[in-house]
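This is what each chain is made of:
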Amino acid sequence: MEKLIIHKESCKSCRYCIENCPKGALYIKGDINEKGYPYVSVDHEKCTTCGICYNVCPDYVFEIQEREV
Amino acid sequence: MLKKKPAACFVDNKYCPGCGHGIINRLVAEVLEEMGIYEESIGAIAVGCASLMPETFAVDCIQAQHGRAAAVAAGIKRCRPDKTVFTYQGDGDALAIGFSETMYSAIRNENITVIFVNNSNFGMTGGQMAPTTLENQKTTTTPRGRNIAETGDPLNVINMMKDLNTAYIARGSLTNNANIMKTKKYIRNAFEAQQNSEGFSFIEILSPCTTNWKMDPIKAMEHIEKNVTPVYELGVFVERGEKNA
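Read top to bottom, the protein sequences are chains A and B.
Throughout the first sequence, residue numbering follows my numbering, covering 8 to 76 in sequence.
Throughout the second sequence, residue numbering follows my numbering, covering 5 to 249 in sequence.
Chain A with its partners taken away, still in its complex shape:
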């Protein structure tokens, strides 16, 4: 099993990931990171770890890791 990790401090709130996510699993809650941007969050129930968010992100926010059992 794989899991999407979000490095929220890198996020600049461009929303490319939200626009490109085929499952609508990403959203912005409104919480703000240290740089002052409302960062992206993921709904793990909807996420299929396809990796499109990783590909379209200019700021290296996403990582797909092996889920710890």
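I should point out that these hints are in silico values taken from the structure, not numbers from a laboratory.
Fair warning: there could be bad hints in the mix.
Computed from the model, here is a short list of chain B residues facing chain A with C-beta under 10 Å [what the hints assert, rightly or not]:
| hint | residue |
| --- | --- |
| 1 | K7 |
| 2 | P10 |
| 3 | D16 |
| 4 | C20 |
| 5 | G22 |
| 6 | I27 |
| 7 | C65 |
| 8 | I66 |
| 9 | G130 |
| 10 | M133 |
| 11 | L178 |
| 12 | N181 |
| 13 | K188 |
Backbone N, C-alpha and C define an ideal beta-carbon position, used for all residues, glycine too.
Given the structure of chain A, go ahead and fit chain B onto it with the hints provided.
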């Protein structure tokens, strides 16, 4: 599919939110890492937003004078033919100030790779008109829109280069996942062409400049799809092996 940012992108980049440079930095790093040449590559970096790259990119880089990255890269490659040498340039640098260096590297078929980021203005200096600025596009130096009767047509450099004796020429964009994956493939082909000593490889990438276009990032990508891509057609213009076989 496990995904992790490449080791070369070791800290957060310093570009504006939604800037395409971040994606292109990552694609270059991924390709160099996948080919196993990331520690023995040398970049010649342009002036402009491209010059923010070496601070956050763990590959050996030389900061070239404005516009001269292709000439610097050609010099490095001639001295150290064992290294993989690339330039990373914007449109103001490669096509305005450094047009001669870029074109003559292509004419001499230097065995280097040019990564050319086209965001249709001078980004770092505040969004002035560049040779690639579209007709009627508003910039700080063309506040009523670019008048091509006065300034000439937008410069499509690939049209000028494709009839020369070069190894590989392609144009990609960053508007969606499919285009980003294609662009990565083009970059990989370009570096492979260099490794096989096939000659000059040139990748143009259509990228958004959200700050100077005064658009939000999603609208900037739509602008590229709708208005920029029809002027600068995507695809491969010189296939590997087509001319130097």
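Hint by hint, here is what the structure shows:
no., hint, in the structure
1, K7, "4 Å, holds"
2, P10, "9 Å, holds"
3, D16, "5 Å, holds"
4, C20, "8 Å, holds"
5, G22, "4 Å, holds"
6, I27, "5 Å, holds"
7, C65, "18 Å, violated"
8, I66, "24 Å, violated"
9, G130, "20 Å, violated"
10, M133, "25 Å, violated"
11, L178, "8 Å, holds"
12, N181, "5 Å, holds"
13, K188, "9 Å, holds"
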